[in-house]
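Student: Going line by line, the protein sequences match chains A and B.
For the first sequence, position 314 matches number 314 in full-length UniProt numbering, and the numbering has no gaps at all.
For the second sequence, position 6 matches number 6 in full-length UniProt numbering, and the numbering has no gaps at all.
No lab work stands behind these hints, which were simulated from the structure alone.
All figures in this text were calculated on a predicted structure; none of them were measured in a lab.
By construction, the Cβ of each residue, glycine as well, lies at the ideal position given by its N, Cα and C atoms.
Please note that a few of the clues may not be correct.
Coverage of chain B stretches by chain A, computed from C-beta distances (three or more under 8 Å per stretch; other residues unrestricted) [claimed, not checked]:
(1) 180-189
(2) 197-203
Here are the in silico distance ranges between beta carbons for each label pair [claimed, not checked]:
(3) A/Q154 - B/I36: 28 to 36 Å
(4) B/V274 - A/R125: 34 to 42 Å
(5) A/P61 - B/L201: 19 to 27 Å
(6) A/P271 - B/P29: 52 to 60 Å
(7) A/I261 - B/L178: 43 to 51 Å
(8) B/E13 - A/I261: 43 to 51 Å
(9) B/L178 - A/D143: 36 to 44 Å
(10) A/S156 - B/P182: 22 to 30 Å
(11) B/M32 - A/R125: 29 to 37 Å
(12) B/V274 - A/P61: 29 to 37 Å
The lines below spell out each chain.
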Amino acid sequence: MTAAFELRGLTAAVPGEKGAVRLVEDVSLSVRAGETLAVVGESGSGKTVTFTSALGLLPKPGRVIAGQALLEGEDLLALPPEQLRRRRGARIGMVFQDPLTGLNPVFTVGEQIAEVLRAHLPISRREARDRAAALLGRVQIPDAARRVDDYPHQFSGGMRQRVLIAMAIALGPRVLIADEPTTALDVTVQAQVLDLLGDLRASEGMGMVLITHDLGVVARQADRVAVMYAGRVVETGTVEEVFRAPRHPYTISLFRSIPEIDAPAGTMLAPIAGSPPDPARRPPGCAFAPRCFAVSDAHGCRSVRPDLIGAGHFAACHRQGAIEVAA
Amino acid sequence: MSATAEQIDADAEAAARRRATFRRYTRHPGFMIGAIGIALLVLVALLAPWIAPHSPTRTDLMNNLAPPSATFWLGTDQFGRCVASRLIHGAQVSLQVGFFVVLISLSLGTVIGAVAGYAGGWVERALVAVIDILLAFPSFLLALALVAARGNTLDSIILAVAIAYTPRIAAVMRSVVLTIRPRPFIEASRAIGLTPWKIVLRHVIPNALPPVIVVATVSAATAILAEAGLSFLGLGVQPPTPTWGNVIAEGQTSITSNPLISLSAGLCIAYTVVVLNLLGDGLRDTLDPQMRRNTGKLL
Numbered sequence: 001m002t003a004a005f006e007l008r009g010l011t012a013a014v015p016g017e018k019g020a021v022r023l024v025e026d027v028s029l030s031v032r033a034g035e036t037l038a039v040v041g042e043s044g045s046g047k048t049v050t051f052t053s054a055l056g057l058l059p060k061p062g063r064v065i066a067g068q069a070l071l072e073g074e075d076l077l078a079l080p081p082e083q084l085r086r087r088r089g090a091r092i093g094m095v096f097q098d099p100l101t102g103l104n105p106v107f108t109v110g111e112q113i114a115e116v117l118r119a120h121l122p123i124s125r126r127e128a129r130d131r132a133a134a135l136l137g138r139v140q141i142p143d144a145a146r147r148v149d150d151y152p153h154q155f156s157g158g159m160r161q162r163v164l165i166a167m168a169i170a171l172g173p174r175v176l177i178a179d180e181p182t183t184a185l186d187v188t189v190q191a192q193v194l195d196l197l198g199d200l201r202a203s204e205g206m207g208m209v210l211i212t213h214d215l216g217v218v219a220r221q222a223d224r225v226a227v228m229y230a231g232r233v234v235e236t237g238t239v240e241e242v243f244r245a246p247r248h249p250y251t252i253s254l255f256r257s258i259p260e261i262d263a264p265a266g267t268m269l270a271p272i273a274g275s276p277p278d279p280a281r282r283p284p285g286c287a288f289a290p291r292c293f294a295v296s297d298a299h300g301c302r303s304v305r306p307d308l309i310g311a312g313h314f315a316a317c318h319r320q321g322a323i324e325v326a327a
Numbered sequence: 001m002s003a004t005a006e007q008i009d010a011d012a013e014a015a016a017r018r019r020a021t022f023r024r025y026t027r028h029p030g031f032m033i034g035a036i037g038i039a040l041l042v043l044v045a046l047l048a049p050w051i052a053p054h055s056p057t058r059t060d061l062m063n064n065l066a067p068p069s070a071t072f073w074l075g076t077d078q079f080g081r082c083v084a085s086r087l088i089h090g091a092q093v094s095l096q097v098g099f100f101v102v103l104i105s106l107s108l109g110t111v112i113g114a115v116a117g118y119a120g121g122w123v124e125r126a127l128v129a130v131i132d133i134l135l136a137f138p139s140f141l142l143a144l145a146l147v148a149a150r151g152n153t154l155d156s157i158i159l160a161v162a163i164a165y166t167p168r169i170a171a172v173m174r175s176v177v178l179t180i181r182p183r184p185f186i187e188a189s190r191a192i193g194l195t196p197w198k199i200v201l202r203h204v205i206p207n208a209l210p211p212v213i214v215v216a217t218v219s220a221a222t223a224i225l226a227e228a229g230l231s232f233l234g235l236g237v238q239p240p241t242p243t244w245g246n247v248i249a250e251g252q253t254s255i256t257s258n259p260l261i262s263l264s265a266g267l268c269i270a271y272t273v274v275v276l277n278l279l280g281d282g283l284r285d286t287l288d289p290q291m292r293r294n295t296g297k298l299l
């Protein structure tokens, strides 16, 4: 089965003092129809930049300098801007992190959903409004027919996120990219929104990319996972493979830094020392080497950049065989 | 049929919504005073031929510089013309200038400023350079030069003042747009595939309007002042056409003996400026859905 959405060697950069600074480098990912791919990594690892650049939404002066973004086989990055605009919202949707400011405060939610429809379909105002009300119902807004004329500030955070989801799925996109859709929400609301996304993905047969830094969300929602660090994918595989037997020291460290409810009292968490490298000054070799518990000069960790290797389950680490024991 | 019932329901709700919007405006005292004040002025201007007790241009040299009386409410000027009638007719010119200057400079300035702020890059640099050059040039002097070049008909005065005021609106607009551009709903509207023009017209401009409308109403007031200033300098609408500026200028010759002539014209201008400012503040408070809980304070 071909991928609904696939990135091949995507590299995006901003101009810096000493040449281009690569924000994301050689990112390859794919998501099939009806599947959820979780992209995890800490802030600044390039999760969001990867997908905004794939949709041509990277703010200036950033730009994509290499790679392809294939939506059902068609390279979005090779399309003229007008053609790319027509794909956005219609065949590929995106939900952003902050629902509180993601809606225009001066229009009703119904008008904003109708706007997506009218931007892509030749339908009347009245018809667009009716369909907007139906979409609000689909994202489980109670009393949708009435609330369609309410303003965003009359909605709670979770409901606004539902509205944004309704906008993103309005035209039945093949792929939905959800960028930390629940980060700004209460825990109970998070679960509802995630369930809603899962239901929509299943009923629409969409491919879904779930960008998150919450490993709990990954375990619950995703089929496959890609771990990003310093602008690169460092490990990817099915959720089961990666959670059972993480191969990259960064992934292993991530799991170690999660509190466990049944751990003995007094057990200390193991945070990852240091912070991710500045994109302009990434170390040669493996970008994680300065923070890695398994770093070894003998294996070239500080001098040779590791490739993603493996079959099905890939990791970019020189020492993946050895550290499984250590972990 | 259930669809009909729902339809009636929806219509009833839309009507309730309209009533709520209306109440929001009527409960704002500043807005109401401003709106009623402007409405009165418009009424006076429209009905000038019927309200004015005398012809604004008929001279009577036997009865010049007369003090206020029952026939001549504000007395007569040095040519014996009825000052009150001249002020009433002058409202027509002042209101036309105020209205059309705002209409032109607001339309041009809003679009230029929004495009500059939203587009960024060389488009922004080029537009900002033009705006800054025009701003650095005293706007009254610019209007003066334009009137001198094009002749002093009412049309050319309106155009000149509008061109002189456009960069102010554009500069305010651009600075507001710069604060709106990074807001997430702009990114979201790009992600749903809206065209850049649609984003500017539907999302950028409506959110930037409240402060710009305040500037625009103040501009209406200063445009009326500018027309008065041009008339005062003899470059406005030519006498004997009555304008408030002309009345001040002509009253100047007898200002020591009959200060009421210039003073009353000045008060007309001051009144207009105040009601326009009240209207502007009222609009700012009521336009933004998030500011709908208005405090009801006058100032």
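Student: A separate judgement is required for each hint: does it hold in the structure or not?
Tutor: Status of each hint after checking the structure:
| no. | hint | verdict |
| --- | --- | --- |
| 1 | 180-189 | holds (count 6) |
| 2 | 197-203 | holds (count 3) |
| 3 | A/Q154 - B/I36: 28 to 36 Å | holds (31 Å) |
| 4 | B/V274 - A/R125: 34 to 42 Å | holds (40 Å) |
| 5 | A/P61 - B/L201: 19 to 27 Å | holds (26 Å) |
| 6 | A/P271 - B/P29: 52 to 60 Å | holds (58 Å) |
| 7 | A/I261 - B/L178: 43 to 51 Å | holds (47 Å) |
| 8 | B/E13 - A/I261: 43 to 51 Å | holds (48 Å) |
| 9 | B/L178 - A/D143: 36 to 44 Å | holds (38 Å) |
| 10 | A/S156 - B/P182: 22 to 30 Å | holds (24 Å) |
| 11 | B/M32 - A/R125: 29 to 37 Å | holds (32 Å) |
| 12 | B/V274 - A/P61: 29 to 37 Å | violated (48 Å) |
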